[in-house]
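Number of protein chains: 2
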Amino acid sequence: MLTFPLMAEKECLGVVLALNKIGADTFTAEDVNLFHKYMNFAQVIAMQHYTAYMFNVESRRSQVLLWSASKVFEELTDIERQFHKALYTVRTYLLCERYSVGLLDMTKEKEFYDEWPVKLGDVEPYKGPKTPDGREIIFYKIIDYLLEGKEEIKVIPGPPADHWALVSGLPTYVAENGFICNMMNVAADDFFTFQKEAVDDSGFVIKNCLSLPIVNKKEEIVGIATFFNRKDGKPFDEHDEQITEALTQFLGWSVLNCDTYDRLNRMEYRKDIAQEMLLYQSRCTTAELQSILNTNEKFDSEPEDCDQKELYKLLRATCPPADNVNGENLYLFSFSDFPVSEFDLIKAGIRMFFELGVIEKFKVPAETLTRWMYTVRKGYRSITYHNWRHGFNVGHTMFCLLQTGRLRKYYSDLDAFAMVAAAFCHDIDHRGTNNLYQTKSSSPLAKLHGSSIMERHHLEYSKTLMAEESLNIFCNLQKRQFETVQHSFDVCIIATDLALYFKKRTMFQNIVNATEPMPDEKEAIAFISNNPTRKEIVMAMMMTGCDLSAITKPWEVQSKVALMVAAEFWEQGDLERNVLDQQPIPMMDRNCSEQLPKMQCGFIDFVCSFVYKEFSRFHKEIKPMFDGLNNNRAHWNEQAEVYNAKMKVIDEQKKKLEEDEARKAGGGGDGKSKTCTIC
Amino acid sequence: MLTFPLMAEKECLGVVLALNKIGADTFTAEDVNLFHKYMNFAQVIAMQHYTAYMFNVESRRSQVLLWSASKVFEELTDIERQFHKALYTVRTYLLCERYSVGLLDMTKEKEFYDEWPVKLGDVEPYKGPKTPDGREIIFYKIIDYLLEGKEEIKVIPGPPADHWALVSGLPTYVAENGFICNMMNVAADDFFTFQKEAVDDSGFVIKNCLSLPIVNKKEEIVGIATFFNRKDGKPFDEHDEQITEALTQFLGWSVLNCDTYDRLNRMEYRKDIAQEMLLYQSRCTTAELQSILNTNEKFDSEPEDCDQKELYKLLRATCPPADNVNGENLYLFSFSDFPVSEFDLIKAGIRMFFELGVIEKFKVPAETLTRWMYTVRKGYRSITYHNWRHGFNVGHTMFCLLQTGRLRKYYSDLDAFAMVAAAFCHDIDHRGTNNLYQTKSSSPLAKLHGSSIMERHHLEYSKTLMAEESLNIFCNLQKRQFETVQHSFDVCIIATDLALYFKKRTMFQNIVNATEPMPDEKEAIAFISNNPTRKEIVMAMMMTGCDLSAITKPWEVQSKVALMVAAEFWEQGDLERNVLDQQPIPMMDRNCSEQLPKMQCGFIDFVCSFVYKEFSRFHKEIKPMFDGLNNNRAHWNEQAEVYNAKMKVIDEQKKKLEEDEARKAGGGGDGKSKTCTIC
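Chains as they are written, first to last, in full-length UniProt numbering: chain A, 1 to 679; chain B, 1 to 679.
Next up, chain A with everything else stripped away, as it sits in the complex:
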């Protein structure tokens, strides 16, 4: 006997035997030599076949991975669709007649009331097979791919236990143990009893199969994939295991996508629920609506059932006249909200829209206007400064700039409507802390918005109100008009981020410079209104002018408001100290409160002065604001000087005290450097 092993690397592929030399008792050395020579060639051929087969295996494996990946990332979806798509797309690479995937119920815990009968002993506890992580093994769905003959896919929801794919007990066994099971000859197996006859009317009979668990990254078995009958009739080998294992491994990992999709959906539902509840809690109630638009008393009916003209009449009558809101005049820059109650400010807000003439023109339902204005008011929190009074004041100053300041000539009626509405909304839901605080405290707002954090929040909330039909004062606009309004809201509300103020300063100044020498008003109007960018820049600067307008108010107003602003800053400073454990900047440090007048002067000089100076130069009608500012500047400066003088006295006293101390000590002998009394 001559033998020769056919090797592939270290693996033996087979052995060639030459038996019983013809015509002699033994093989000669020459025979051996010749045999070996031939065998070297045979070895090369065998090796080539082996390598080609291995190439085919690896090639199919990478195709399986690439194709299933292509499907897995196609879109986010549930596990069933994901598995289905991936398994379908790789079917030509698996070289088997049929395969099925059984999906496992992932429920871990039962409802307490379902446990009662078990705990009471009325019902036997579950004693059936469980997955390694303790779940009862329940296949809630089978997806069955028949590739032989006519291609067919069957989806069997809630398959019965005696379904042919389950009845052998193999999938349950794999789910219980997590093993890969290669059944070389199912007919001969006596551990699992596979269905011997055709499984269905396709005539398909199971000959051999390969079953693998699909395990996610949390090590939980989410399903079982079983491949039946290798195409060439042979049983599955270790290379088939390699391919199918790569596939099931990949599918298992990709469950992360489905889980995430599920989490995303659930998060969205929670968000939707919270937003709906928020709207319910924060919107103007029927009773609140009636407290202003009292149709119950007047017409004994709900506003929806009344004639709009009648409602306008009723609403106008309810709102205070513009020139006498508790003695204050809405057309004056010096208007003060202090004599007016927060409730009456809602009415004053409504009044301004009537003064603008936009209500009738844009067919704003009276009840919608009232509800919106009331809801905006409720959107402001009861905080020290950035509360409804501030929101109202900014809306009011916008009204004044347009009307009294005559800036309206550059804008359409719709622009004016949007600008005043946006001004009212510009700080809605402010929490009394600034953007930097949001960032430092890692608030969800800071995580959501990269820049202009609070402003983007005010804007989003304003738009949420707009999206609600019963609150949408722009409900009767055409689509294009509505988009214009939305853009104006974007520009106006984002513009109140003071961090952006310095970006627009020069551009605004250039516009003022350009219009100043224009002899004809029409030319200036054309220069601005025909250029959307210039309109936006002026609009944005108007918002800054409104937001800071407290600084231009009569001194008795400004001195009070400045303290409110400061108090809110100090509260933030307290939070920084106590919650964030950081030292606040002097502006927010209540221990530096005496420096307030000095800081006010600085704020006027470096920020405010430019705004009102340029606006006064732009439109002389706005000069009262600049005058107010300068007057306040003088007051703050006076206080700052009193403080400086006080500090000077203290400094001098301190210095004197130190000198006295030094002198006292010097009597003993501190004055070493001057004279040496001892030595």
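Treat the hints with care, as some may be off.
Identical copies carry no separate label here, and so any pair may be met within one copy or between two of them.
[Unchecked claim] Capping the alpha-carbon separation at 25 Å, the derived lysine-lysine pairs in DSS-like fashion look like this:
1) Lys522 to Lys347
2) Lys217 to Lys85
3) Lys141 to Lys108
4) Lys218 to Lys85
5) Lys522 to Lys598
6) Lys479 to Lys110
7) Lys504 to Lys119
8) Lys196 to Lys150
9) Lys664 to Lys654
10) Lys313 to Lys363
11) Lys110 to Lys447
12) Lys234 to Lys620
13) Lys409 to Lys119
14) Lys646 to Lys196
To be clear, the hints were calculated from the coordinates, so they are not data collected in a lab.
Position chain B against the provided structure of chain A, taking the given hints into account.
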């Protein structure tokens, strides 16, 4: 010359040439024959080499895919970390000296204020290269893997344009065109100018490189991967392209994971923001707190600064005495909320906790109790039936069952506290529509909760309030106690889903049956209190008894309440008809309102009767409820009979009318079947 091509499948690997036969002018036919014989062997050897190489390529490709997949699904993360992990894990399969990935800025649109200078003509518009989808090409980060010598990874955020990996312009070119670029010899290239000298102090010099775009499923280029210097010194070939293309393709697809993670986070921030706003809007305000616990007036200070004993005294004094809440007695099952205002019901709610003796025992801060009770009240919507009055009544009946009904003996003080609190919360934020309506209208609540939809929502909201320190009446409990309370809330609130009522009926009846013959009260107490499951079942049935208790109230109360319940049902029926375009069931159909008495009788017989009968059998003190029920049953039956009688009369009239009609017509000749007058 003899030639022979070496083929692998259809590809020519090379050609063997035998030139100039020695000692003759031409090759003979024999030479050709011999040459071909040898060449057949050479062919096999070449083929084997080629196949082995291809096997290596495919094997590396599937490893690259499998390993990168393993990392991509490891956890959800941002694109940088994901790419980094995946690229690091496949490094040994790429057989190159170095590779780098450049990440592209995905920003598509600029902020409006950044566009202003361009629109005004102050700044030149961007004219540089753009991606096919129109983004400016900005590499915001480079991750650089040096595999030669000492392994090293460098992360370069905001790389300068003259960084060696960018300076050639190749990554920008690839980002612009989306091509795969294989630079066989960078030194000789004159389209791109690669750095000729060593790129850094590692001494690494670029010889050849392969650059590929990483494209996501939306066909956007998200980054560029460049592989430098194949390990064997040769340029990269098409097989290297295959491997790296599989990798970059996979990485590109996997961006879906990062995008989803980002979406998930943003959704969570939005949810958090909405929930925080909701809490702000729905919680008891300082003014509301003072309207009950008026420390401002009494002590001229905030509750937080007062002594709890003093606060308890103040709060007890503010709340009505239990036996006289506007003439009603809290200890009677027949208590009616009608004479009490919604505001005063808040105080009555607080009173009951004092009566239970749990406030002092569990150190509930008076201001927390007040705030919580007020907030629960505000949590109920102004709807027809499931409003605060209903919430209060259920809390009150729980109080009565425990105290007057003497069911308290089975429970600890903490249980009793939790049960009454849960009862108050059990329908919080109800919207006047039932679970089926949530499902049919696909509300977010239905999408979030699979079963007991509304109940799970009431429970979640109750727990949200508990999670808020200033509202948490259980704030001074130990962890274990707090968990007990949470579980009681689960049991109590979920139990109000009537769909679960039928599951617990028999279990409750068995408990009643078991305790009935017990001669000693202590035995019954032990039977229940020592068994957590029995405690839970009784607790759950108590909740049902509370929820349905309106049916046991004096007739003048029940007759009013039943109409409110019906009215809410009818409103849902209207929604089903108008919004869902479905025919409501008779119970919810206002056209069937006359059948209300009959339906009430049915409801009593099939649902309520069991509850109160069993409870009366369980504890005779509860019999007043069963008596009330039977009394109401008689009233409803009477009305049903009136209706029946009316219907009978109508039916008879109708019948008579039809007969008259028939007779009239019969005068002509309808009575065909009787006689044939004509024929």
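Results for each hint:
Taking CA atoms no more than 25 Å apart as the test, Lys522 paired with Lys347 passes in neither setting, with 35 Å inside one copy and 67 Å between copies. In this homomeric assembly, Lys217 and Lys85 come within 25 Å of each other (Cα to Cα) both inside a single copy, at 20 Å, and across copies, at 16 Å. Proximity of Lys141 and Lys108 under a CA criterion of 25 Å is satisfied intra-copy only: 17 Å inside one chain copy versus 43 Å between copies. In this homomeric assembly, Lys218 and Lys85 come within 25 Å of each other (Cα to Cα) both inside a single copy, at 23 Å, and across copies, at 19 Å.
With identical chains, the CA atoms of Lys522 and Lys598 are never at most 25 Å apart, being 43 Å at best within one copy and 78 Å at best between copies. Taking identical chains as interchangeable, the C-alpha atoms of Lys479 and Lys110 lie at most 25 Å apart only when they sit on different chains, with a minimum of 23 Å there against 51 Å within one chain. Proximity of Lys504 to Lys119 under the C-alpha cut-off of 25 Å is restricted to the inter-copy arrangement: shortest distance 13 Å between copies versus 72 Å within a copy. Within a single copy, Lys196 and Lys150 get their C-alpha atoms as close as 22 Å, which meets the 25 Å cut-off; across copies the closest is 61 Å, which misses it.
Within a single copy, Lys664 and Lys654 get their C-alpha atoms as close as 15 Å, which meets the 25 Å cut-off; across copies the closest is 122 Å, which misses it. Taking the shortest alpha-carbon separations for Lys313 and Lys363, only the intra-copy value of 14 Å comes in at or below 25 Å, while the best inter-copy value is 56 Å. Within a single copy, Lys110 and Lys447 get their C-alpha atoms only as close as 36 Å, which misses the 25 Å cut-off; across copies the closest is 20 Å, which meets it. Taking the shortest alpha-carbon separations for Lys234 and Lys620, neither the intra-copy value of 97 Å nor the inter-copy value of 78 Å comes in at or below 25 Å.
For the homomeric pair Lys409 and Lys119, the shortest alpha-carbon distance between copies (22 Å) is at most 25 Å, but the shortest distance inside one copy (79 Å) is not. For a Cα distance limit of 25 Å, the shortest separation of Lys646 from Lys196 qualifies neither inside one copy, at 105 Å, nor across copies, at 70 Å.
Going through the hint list in order, the structure does not satisfy hints 1, 5, 12 and 14.
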